[in-house]
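Put the two chains together into one complex; each comes in its own frame, and the hints tell you how they fit.
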Amino acid sequence: MKTTMNNEIKNVLRLSQNQINLSVLLRSVFVGVIISCSICLVANIYFIVQGYAAQTYLYFINLGLFVLLATIHFLIYFVNMPKTAVIVDKAYNLKEGLLSHIGFQNKGLEAGVFKLQEDKLIADLSDVRGKSLFVMPHKNLIWLSVMLLTSMCLVGFMPESERVASKKKQEEQMLKITAKNIEELNKALEELEKELTDEEKELLKKSKIIQAVKEIEENKNKEEAFSDLAKLEQELRKELRSDEFQANLATLKNLEEEALKFEETKELGEDLKKKDFKKAAEDIKKFELDEKLLKDLQEELKNKKELSKEEMKELKEKLANKVSSQAKNMKALNKSVKKSLSKENANGKEGVAGELGELSEELSEIEGDLDKLADISKMERLSKEELEELMKNCENCQNCSADCKSKLGKLGKSLKKMGVQKGYMDKLFNMKEKLNMAQMAVATESIMSGGKKPGEGVDRNLTGQKDSLKDNNQFTQIKGQKGEGAGLVSIEDAASGTGVSRVQGKATKVEFKAQAESFMNREDIPDDLKGGVKNYFNSIHNIDDTKKE
Amino acid sequence: MTINILENEQVAKTEILKFCENFEKVRNETAKFIVGQQDVVEKVLISIICGGHVLIEGVPGLGKTALVNTLAKAMNIEFKRVQFTPDLLPADILGTNILVEKNGEKIFQFQKGPVFTNILLADEINRATPKTQSALLQTMQEKCVTVADHTYQLPKPFFVLATQNPIEMDGTYSLPEAQLDRFFFKLNVSFPSHDELSSILDRTTGLSSPEIKNVIHGEDILAMGDLAKQIPIDDTVKHIIVNLVRMTHPDSEGAPEVVKKYVRYGASPRAAQSILGAARVNALISGRFHVSKDDVKAVAKDALHHRILLSFEGEAEKISTKEIVSHIFESI
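Read top to bottom, the protein sequences are chains P and V.
Residues in the first sequence are numbered from 0 upward in steps of one, following numbering that gives the first Met the number 0.
Residues in the second sequence are numbered from 0 upward in steps of one, following numbering that gives the first Met the number 0.
Only chain V is shown next, with the shape it has when bound in the complex (with noise of 0.2 Å):
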């Protein structure tokens, strides 16, 4: 049951309160086993609230299928881990139907797919080909599966995280820009430093290993995410991010001369969506009550530049769509 904060005062105190609570548990719970990477965590974290879906970047040796594993076991949801190669198939994901014999009977029994969890880890996800990667189109966007004219819906919370490999490019299928629009946020995951690598060299190679204990449970994510849209936001910072979606285009009006020259299309009323979930929740983790323009900035080159496509020129020059999407919100 979705609890509202826009009447009562105390109800409203309480329940943002918990919300802090709960993410500062995760967040801190998630930190005794990764070391560093504070950013990528709060913005999975944030992606988890909001119900969207992260594409996760970076060299394999990072941590991250260990993230995502800690985030599992912190927050007390299912994880399954799946590795994405080129002969996966979409059953192999979603399921299929296989026949079994019940009661002397040879029935048909759907056999869920590992997608049937609350976090799925899609390991190396472009070295699946295109057919592969569009059958979780379905389970990303409408969080159930079809198979043979019935649909199974999905738990909740539901949560993918995608990781693509940006080295080895050889034999690899890239994502196309449809299933790219339904990831909440794309982030790159950079080598430690030299502390943090140190750190990591503790942590992990003794005989022991940090104990991640579960902190909250997967009902306490949906009620975040819940508290998280009742979060207000005022006329100037909503236009500010309608215009930072719309700048995105190279046709918009008033659009900066580096779109006009770099950018083929720009990102989809998804991305501002994105954003304002986003930005919500980081209003609430940085103590206040109102989304700020702030919140905005902190979330946006994450959730905007997957989303843009560049142009030959662009392609060319070796432009980054987080460049543009900085000068984007500079010229706002």
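One chain only, chain P, in its complex shape (with noise of 0.2 Å):
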């Protein structure tokens, strides 16, 4: 049972309560001041010695801290009502008897003795009225907590070093050129969008490119930009790197080469030669056979059992001018596909490979026919079996020539799309281009420019370290690509042998020699240090010498 206390004893225990909570209160102001303060202090004095100035976020942070510390401080040694008692009883020496009448008055006990120890209290609280359990922080505290303070405050003044100053310059115009860079890949990435025709844009959606762009215009943040650039970087090198696409630009490439040397399939090497793909499927169609000359041939030879003096040399004519040139065109046309097809296993080879082997077939098997064609050109008369046997070669032949035509244009076809592809690699390749570049312009924000931010680490330049390229499997590396053409640095050989030319060293050493020697002939220099000279000199030689051995 409880019973109320008195009220004397309730208002000196409130009145104590609130004395103490308030030098609680002082002392949490001053104990959250010096850690907060020391905290800041040291940061900021990290911070001038790597040479920046004092952050002013850290005193916003400073104060928050504060306020935190000193409220933690305050709630751990806030006091309550018990807490109170036994706190007034040692001040004023009260015996545990506030304690002691607390504990009897929540048990209900107050008559007789009881409400002895009650008087008694009751006095000895009397007799301490008017002193007040308030008490300072210690002067120690408070002196040091204001000269924290103090530290803090100059140490806000103090100036960057040159050094920074000049690299935080230098930052903020990478960060302009970044900006820079990043627009013109937006306008690159536009473009590409805008150029592609209708196939491209096929090849385009086939791969993840336009994802990986999409995710790059819709982030906000530095580093996933970074991470996504790479991304897409890792994107377009997969799409360049296209196996298909590479194995028929070697093919193409040898093809190329072996039509170059004829000067009948010298134009479609030319327009191999400059990868304009599209001009080369042009190319290769004046290669088809022209059916219209076999067909009129084949209808004058009907029911025709002998030629006539003049109709034989008409048919000669025709086949001299004609059908010869088609035949060189085609054999020339072959032997630069067998040749290039040599050069590589074309066997169950697909793509442009395997299309040129079909052909090479058929322009083999048109070749016999159209060399019998023109053979007759040779012939002064036709016997009736000859003629059949023309007869049969033109029928032959324009058999033949469908299928050829049909490889012709398949190839052409092959050809018309790797010019696509060409094409469509050319802008990515732009495109790469313009993303590396943006890449770097990011990399370099937080790498090259300037070095680190306050607060971002420490920055390696500055404390004379080297920084290593680490791979953080995160930001691809970019690797350069291996160009065609000759290259910026060119090594000749020497007169003989491999190797760099050291022409040039030997020479002067033999001047230097002839030099120290005319010196060493001097007049004016006594035999005996010239002799001592050179010996000195053959002697270091000699030791260099062994060494060497």
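Read the hints as simulated data drawn from the structure, not as lab findings.
Incorrect hints may appear among the rest.
Claimed, not checked - One side only, chain V facing chain P, incomplete, derived with CB under 10 Å: (1) I4; (2) I230; (3) P231; (4) I232; (5) V236; (6) G286; (7) H289; (8) S291; (9) D293.
These numbers come from a predicted model, not from an experiment.
Every residue gets a Cβ at the ideal spot worked out from N, C-alpha and C, and that includes glycine.
Okay, here's the thing in structure tokens:
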């Protein structure tokens, strides 16, 4: 059973609790100031040592930290009523009188000796009335907090070093460049979409590039954008390294080399060299057999048992002028195709190589018939059997011509497709270059431009340590593409053998030796010294020689 | 009849006032003859009020017998002294049946020993054999004597004040733990200071010695004991006593390192009872109506130190049990 506490005792307790808590609050303020200022000061001194000015944001962090620490301190040391009773007992030397009284009150004991105890307590408390339990924080605590606060304020006025200032300037410039590059990348992406033909757009849709581009556009975060750029770069590289495209390119390279050797196929070869696959597809059409010519020839020879002299002359002219020239063209093409195919194993290959193989078979077949037709032009007369043979050849040629035409058409289509792919690849490559520039610029923001920002870690360049290029598995390192054509660095062969020529070095050495000897042989140098110096150098050379051995 | 002080404020006030007056009277009366030794006198008085027994350790000639004699006179109670020697038998203390002739018949009659008194001074108790020492066990605890199937109640109040000489250990029998535990307090009588010794000379070597008056009676002592038992104690202070006794045991949780290292066995629950009883009287004589931590501290050392058994390490390093008690008190 709990009884009501005497008002006088209650008032003393409340007053004491307020006074003690006020003391705690004041102490919390100083403790908070000391801890938060110490942390802030250490952090700012660290930045100053690194060359930066004190960071303003640290002052705000300090303020927050101070409030937090002071609150925590206050909550830990906050006194409630029972705790106040213990403190009051101790402070006024009540010998646990107050604590015991509260204990008795809680048990409902208030009569007899308990009343006497209460009266004695009231009397004791009245003796100490007016005494305050408010305690000022220790003067050392106050001094320390004032000193730390002043130091922290003074540190705020310290300027940053010239080195850091210049690097910051560089950083700002780099940021501008970065923004520009990213803008250019976006522009390149827009242009790419505009420039692509429908076929190219179809190729683009199949790849994951569009998705990667969309992700970049959606991203606002620098780090994520950097990661996405790397992803996009990987996709582009994957597309550019398409196995089929590369294999076709290699086959066409062989064809180009062989085609350039023949007059008839030179145009095709040159177009292939220029990688103008669309024009090459047009060139291929020229090698189609003139079916009309063969048809006319067949019509003319039909129902004729023997040709007159005039008819023979006309036929010879036709064969010599048109058929033989077509046979020549086809032969040249067949040779080019065969030789190019001989450079690689085309059996079972798909793509352009397979198509060239099929074309070669057709060309070889048609080649014999055309040769026979061309041979007739050398004859004076044609017997009935020969005429029939000629008719047969014409028919065969016509039949083969259709197949050959379809194969040439197929090759033409492949070349057209290659042309489209090439255009697409060129555009992608162009975009990749811009992407690389953007990627570099984003990377240089944190690595190259004026070191790391305050609070982002140690700038190793400032501490004299070199940064090692680490692969963090997040960003792809940009590798150079092996280009075509002559390199920028050329090494001239020596007069004999291979390697770098050292003629100039040797000449200099001989000239230097002659100069040295002329100095040594001057009249004003004593003879014994001349010999001494020479011997000295000889001895050095001997030592060197022994070491070399 | 026990007077209840928990219900009526006025009665409580009167009784407590009377208690304090009586205590003060006895103390002042004793001080007429006993020079110095206020602490010992006070502790002996507390022990008598609480119905406990005291073991006083001190060299001969420090006034141990004079103290008991004076107290007995001041309290108007019977006092007997037994000099413990190796040939002393239990019957010499407790009494025995002797054959007597009564109305022409020969019968056994119980001849009471010196234990049948209010204050028994067991001088140099450690000189008697353990058999004789243990004869005091029942009388000290139960305050009665059993001889030949017949139990005789001892007069009230009954108080044993035993002394032992810490120097001469030849031919002595150390008191067994069980018997030591029965002593409420173990007090050390120190050698008097220069002024005190000078006063002793003045008071004892003259023609006349101070006259000790009877200031209270045996009943008053019993009433004082009953009153003291009603002095309230808060749970916080009670926990301090409990913890204090528990901490003397090396196996108890939270025992200080010094206890774990140097103590073989700690104090019994009887120690806690002694502390609380003594603290209550101490609170009253200090003018308080509740037991405080200071009261516990004032009596704990004397109530605990003879109840703590040191380990071999403690004995070897000559650790004082009083130091251990102080250490425990600081750790609470």
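Here is how each hint holds up against the structure:
no. : hint : verdict
1   : I4   : holds (5 Å)
2   : I230 : holds (7 Å)
3   : P231 : holds (6 Å)
4   : I232 : holds (8 Å)
5   : V236 : holds (6 Å)
6   : G286 : holds (8 Å)
7   : H289 : holds (4 Å)
8   : S291 : holds (4 Å)
9   : D293 : holds (5 Å)
In this structure, none of the earlier numbered hints is contradicted; all agree with it.
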